[in-house]
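> Sequence:
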Amino acid sequence: MKIAIVGSSKFAKQMVEYQEKLIGLGHAVDVHEHYVAQAKGEMKDMIERINNEHATLKIENDYIKYHYNDIVNSDAVLVLNLDKNGIENYIGGNTLMELGFAHVHDKKIYLLNPIPKMAYRDEIEAVMPIIINDDLTLIK
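Numbering-wise (the working numbering), the sequence shown opens with residue 1 and increments by one.
Derived by calculation from the structure, the hints in this document are not laboratory data. Hints are not guaranteed to be accurate.
[Claimed, not checked] Here are the computed lysine to aspartate or glutamate pairs in the DMTMM-like style, where the Cα-Cα straight-line distance is at most 25 Å:
1) Lys2 - Glu20
2) Lys107 - Asp45
3) Lys140 - Glu42
4) Lys65 - Asp135
5) Lys21 - Glu42
6) Lys58 - Asp134
7) Lys58 - Glu42
8) Lys58 - Asp83
9) Lys10 - Glu33
10) Lys65 - Asp45
11) Lys65 - Glu53
12) Lys40 - Asp30
13) Lys107 - Asp135
14) Lys84 - Glu17
15) Lys58 - Glu123
16) Lys13 - Asp135
17) Lys117 - Asp83
18) Lys21 - Glu33
19) Lys10 - Glu125
20) Lys21 - Glu123
21) Lys84 - Asp106
[Said to hold, decoys possible] Per label pair, the in silico range of CB-to-CB distance:
22) Glu125 - Met1: 18 to 26 Å
23) Lys10 - Lys117: 27 to 35 Å
24) Val104 - Lys44: 32 to 40 Å
25) Ile132 - Asn52: 31 to 39 Å
26) Lys117 - Glu42: 19 to 27 Å
Being a predicted model, the structure only gives us computed values, none of them experimental. Idealized CB from N, CA, C, for every residue including glycine.
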């Protein structure tokens, strides 16, 4: 199965870790080259820009369209909803959009962890994600 991994850019290292785990289970997984570089400790200027000018960075690198195309060309989406900013199982604005992209293209949506308690919880529930509680063998 071809899987798109989505989540906060702060989770770049974990995206690469989960990519490797999924490949080990026989899946095909693409992670943006910038996340791979960040996970290796490269592109430190990019990390600084994420913290200070994230919108500009997203525009310059066309990240939203990249992730849209990755989702469209995948069979399923795995959301790495890890803890961030004091929020358990965080799903941010971009990831919420990516859930919408996956839903309208009839992709299976897997959440690594339960749905977070956030203002848009209903919208997340409405895309009918499969919660796998960190058990990647449930991705089928």
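> All the hints need checking, so say for each whether the structure fits it.
Outcome of the hint check:
no. : hint                       : result
1   : Lys2 - Glu20               : holds (13 Å)
2   : Lys107 - Asp45             : violated (34 Å)
3   : Lys140 - Glu42             : violated (33 Å)
4   : Lys65 - Asp135             : violated (29 Å)
5   : Lys21 - Glu42              : holds (22 Å)
6   : Lys58 - Asp134             : violated (28 Å)
7   : Lys58 - Glu42              : holds (18 Å)
8   : Lys58 - Asp83              : holds (22 Å)
9   : Lys10 - Glu33              : holds (14 Å)
10  : Lys65 - Asp45              : holds (22 Å)
11  : Lys65 - Glu53              : holds (18 Å)
12  : Lys40 - Asp30              : holds (16 Å)
13  : Lys107 - Asp135            : holds (19 Å)
14  : Lys84 - Glu17              : holds (17 Å)
15  : Lys58 - Glu123             : holds (23 Å)
16  : Lys13 - Asp135             : holds (19 Å)
17  : Lys117 - Asp83             : holds (12 Å)
18  : Lys21 - Glu33              : holds (17 Å)
19  : Lys10 - Glu125             : holds (23 Å)
20  : Lys21 - Glu123             : violated (29 Å)
21  : Lys84 - Asp106             : violated (28 Å)
22  : Glu125 - Met1: 18 to 26 Å  : holds (24 Å)
23  : Lys10 - Lys117: 27 to 35 Å : violated (19 Å)
24  : Val104 - Lys44: 32 to 40 Å : holds (36 Å)
25  : Ile132 - Asn52: 31 to 39 Å : holds (34 Å)
26  : Lys117 - Glu42: 19 to 27 Å : violated (35 Å)
Checked against the numbered hints listed earlier, the structure breaks hints 2, 3, 4, 6, 20, 21, 23 and 26; every other hint is satisfied.
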